[in-house]
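Asks: In case you want the letters, here they are:
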Amino acid sequence: MPKLTIDGKELEVEDGLNLIEAASRIGVDIPHFCYHPALSVVAQCRQCLVEVEGVPKVMPACNTYVREGLIVKTDSERAVEARKATVEFTLINHPLDCPICDKGGECPLQKTTVSHGPGYSRFEGPEEKKVRQKYYLSDKIIYDPNRCIMCTRCVRFTEEVTQTGELGYEGRGFRKKIVVFPGKNLDNELSGNVTDLCPVGALLNKDTLHEERVWYWKFTDTVCSLCSNGCNITVGVDPRKGKVARVRPRTNVDVNDYWICDRGRYEWTDIQDADKRLKDPIIRKGEGYEITDWEEAVSFSATRLLEESRKPLQSIAFITSAALTNEELYLFKKLGQTLGSSNIASSIGLINDKKTFGLLSSDPYPNSTGVKDLGYPYGSNMVFEVIESIMEGKVKSLYTAGIDIFDFVKKEDKPRLSEALSNLSLFVAQDVMLTETLRLAHVILPGASAYEKDGTFTNDRGRVQRVRKAITPPGTAKADWEILLQIGKEINETLFSYKDPGDVMNAIANEHPAYGDISYDNIGMLGVQRSGPA
Amino acid sequence: MPELRIIRSYAGVQDSHKIESYIQRGGYQALPKALGMDPDDIIDLIKRAGLRGRGGAGFPTGVKWGFIQRDSKKPIYLCCNADESEPGSFKDREIIEQDPHQMLEGIIIGCYTINSHKSYIYIRGEMPYGAGVLERALEEAYENGYLGKNILNSGFDLDVVVFRGAGAYICGEETGLLESIEGKNGEPRPKPPFPAQSGLFGCPTIVNNVETLAFVPHIINRGAEWFSEIGTPKNTGTKIYGLCGQINNPGLYELPLGIPLRELIDEYGGGVPGGRKVKAVSPGGSSAPLLTADELDLKMDFDTLSEVGSMLGTAGVTVIDDSTCMVRVAQNLAHFYRDESCGQCVQCREGTWWLEKMLTMIEEGRGRMEYIDTLLDACSQMRGTTICALADGCAMPVESIVKKFRHEFEEHIKLGKCPFEREHMGEWS
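Line order of the protein sequences matches chains A and B. If you're matching positions, the first sequence starts at 8 in this note's numbering and goes up one per residue. If you're matching positions, the second sequence starts at 5 in this note's numbering and goes up one per residue.
Possibly wrong hints are sitting among the right ones.
[To be verified] Sample of chain A residues with no beta-carbon within 10 Å of chain B, all distances over it, derived:
no. : residue
1   : Pro-44
2   : Glu-88
3   : Glu-95
4   : Phe-96
5   : Asn-100
6   : Glu-131
7   : Tyr-176
8   : Trp-222
9   : Trp-224
10  : Glu-297
11  : Ser-349
12  : Asp-461
13  : Val-535
[To be verified] Below are the BS3-like pairs computed for lysine-lysine, each with C-alpha atoms no more than 30 Å apart in a straight line:
no. : chain 1 : residue 1 : chain 2 : residue 2
14  : B       : Lys-51    : A       : Lys-64
15  : A       : Lys-91    : B       : Lys-51
16  : A       : Lys-506   : A       : Lys-401
Keep in mind the hints are simulated off the structure, nothing from the lab. For every residue, glycine included, the Cβ atom is placed at its ideal position computed from N, Cα and C.
Start from the sequences, fold in the hints, and give me the full structure.
Replies: Here's what the structure looks like:
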């Protein structure tokens, strides 16, 4: 553990640390563009220059490593002047078009210019700058060579992280630019990360090009729900539109490092498609459907469920999926048990550790582990068995949440399932979007997506992580836990007297030893490991 | 005074590039001697001889060889830097074309000393003739048992490969050269690690200049004391000086280090043509800060020039006479470096571009007075702030021109045009 001095402050840090990292330990922020903790050090943006005692030249902090007795000055006149000059050089051919650049407001170059730059330019007007054509690197990402400061983070990302090598650079000196390597396409599953890595507005997302301004956004730290890995994300929402504008990775070295996949980044948009979403509760009356309010939908569902449960030879089934949060799964199971059901099942994905780039799981559900942990008889077989019972007419009433059961039967069996569902005496279905299943339900309860509710998911390595509400669900749609809680309360006030998902988690902790230590107070931003095997 | 020819013994000899000619002139006698020596003794000998790298930096060759951990588990490489691209320098080219075996013998001895069994000669892409000569020389050396397995029954194996560059000045920078051999873009690496620890393919590597290696056999043959008595105490041996520009007798002259610049220009170069006067001299390739006519009595060695803020570099001397516009000289230099910057470091990529822009504007009469100080400031921030020395190589001569010929810049700006007539400017135009 070498001891060194940075700006007069002594500190002791572990070996192998560079000066950027070491300085950050004592709150000294050394500006940098090309350095990234997950990528190799190239020391070419020269923004992190500092003075090291005994060394005649100013040194790049990214490529200078701690050693015993090192005396570093980041605030000496020479260091400050060198960094100021670097900003001036960097801006020479960088268009000062921040007002129309999507990166504006969250641009490291912009921030560094303000905090370390000279505040003026001695370079003649914009007409003297070199101008080059923009082009698309892929169908998702546009490249502006004029803004590019050649930090090569994007190139190193495809070389070192994905090891797919799609990006390279062409030309030398001021002619240099980032290109897609001939014969390749920038289509790896992590490609979108280059837009986050880019410290300027050179790599931008096409989907929101010129449509968003980051300073309007409100950020919510949550977890991606599109597979079992549980990547930590930050969701940016423009409150004026009430819509998610951007999903970004949130650093969690135990789960997703610094990255998310393109699915998590781009392919959640259908939940914001107003035409696809369920907005209000619907009750089937005779041949037609009627939009109703929650009071009626809840009391109707609760009354009818109770009625069904009291029938002699009652056969009531509860089917859900690992798309629901732990709290919702707990409530759903409890509801089924309260009503005496012996057919409670949840679909889960195939849990395995083979992941593309260590991130993308083949299990499309965020909470398969939660399903197992909460004592659902697991395995997709269980869902198949219940569906088989439905088709055989053994099940008289059904409650589904977050699952389209038609996905679980073969094409030729679909008419049989349709018929069986039509013959049910009660069918309550809760989901986010209209599905084939929902069309046959007596009561349709509009739920909320993972971006619209609070709760927890347990990822495939047994890490319990919080999802947080970033946007409000459309219409009067409610979070699934809220729906389940309301129906539960109608059925048995004392059994379902939880206030919120945190309260439900306390109940889970009481009943499931693996979750014994877990509460919303200690899950924190990065999640906690529940005990027991992953 | 005639030249003191040690490595230029080939001059005037017919078919000097052939192995027979080299052997006739005493070649390949150092090799068996060296192969019987302890490598530590060879390093000691080179150190005592005071041989300094002839590529430009003047780093002691023996010390450099001593950096190599000879029992490394990884292969060790010696790369011969034959990428001579510095404007004003043309010495290595002649050594390669006229006497390839001389440097080859140096390479073999060097490889034996640092325990390297593979060596690359990185030759500039624009020297196809030299590359051909080298290829034939290698064939001859293999045929005569100077290369390959068990060289001269010493048990030492060595293969040498000629690697042709693809036209980038920056590949003459040693780590840029290594990147290029590895098949990558010729972009210098951040240091540390230095090549002696992690060089070619991540292995310990030594990069030596052609001329440096050519001296090695002579030092083995004739001893350290002989060599160290030539030149000045800290700048030993001879140096091939190149003379070009506005001079009557351009060419190469091998002379002891420390010869006065004036003697070089007047006695060997025959002075400036047309009765004109020397205005400025670039003493060591285009990267060296320029000297004025008042500085001609300086001694041409590493230390003297470094003391006055210039450098000996490759000792490729370019003479500029008084008909030449110095703004144009600076612009030409900046243009070259702008085009040759690899583009990694911002000070270099944007700095060279900016210098060229400002100098062009001044030259074309569009400049403003404050440009002069901006130029100086930009130059000072380009020096010593980048991965390699290319930015320094641009900033240093430009800065020296602006400082030493500031009045010409002011005249351009005041007049709103260049006061010089273009047709007199020779190769700078």
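Asks: Decide, hint by hint, whether the structure agrees.
Replies: Consistency of the hints with the structure:
For A:Pro-44, the condition that its CB be more than 10 Å from all CB atoms of chain B holds, with the nearest at approximately 17 Å. The non-interface label for A:Glu-88 is inconsistent with chain B: the shortest C-beta to C-beta separation is roughly 8 Å, within 10 Å. A:Glu-95, annotated as away from the interface, has a beta carbon of chain B within 10 Å; the closest lies near 8 Å. Not every C-beta of chain B lies more than 10 Å from that of A:Phe-96, the closest at about 4 Å, which undercuts listing it as non-interface.
The claim that A:Asn-100 lies off the interface is violated: its Cβ sits roughly 6 Å from the closest Cβ of chain B, which falls inside the 10 Å cut-off. Under the 10 Å C-beta cut-off, the non-interface status given to A:Glu-131 relative to chain B is violated; the minimum distance is some 8 Å. Under the 10 Å C-beta cut-off, the non-interface status given to A:Tyr-176 relative to chain B is violated; the minimum distance is some 7 Å. At roughly 27 Å from the closest C-beta of chain B, the C-beta of A:Trp-222 stays outside 10 Å, upholding its exclusion from the interface.
Look at A:Trp-224: its CB is around 30 Å from the nearest CB on chain B, clear of 10 Å, so calling it non-interface holds up. Interface exclusion of A:Glu-297 from chain B stands, the closest Cβ pair being 66 Å apart, more than 10 Å. The Cβ of A:Ser-349 sits about 65 Å from the closest Cβ of chain B, beyond the 10 Å cut-off, so the non-interface label holds. With 10 Å as the threshold on Cβ separation, the claim that A:Asp-461 sits away from chain B holds: the shortest Cβ distance comes to roughly 45 Å.
The claim that A:Val-535 is not at the interface with chain B holds, since no C-beta of that chain comes within 10 Å of its own (minimum 40 Å). As the CA atoms of B:Lys-51 and A:Lys-64 are separated by approximately 27 Å, the hinted pair is consistent with the 30 Å bound. Under the criterion of a C-alpha separation no larger than 30 Å, the hint pairing A:Lys-91 with B:Lys-51 is inconsistent with the structure, at around 43 Å. As the CA atoms of A:Lys-506 and A:Lys-401 are separated by approximately 36 Å, the hinted pair breaks the 30 Å bound.
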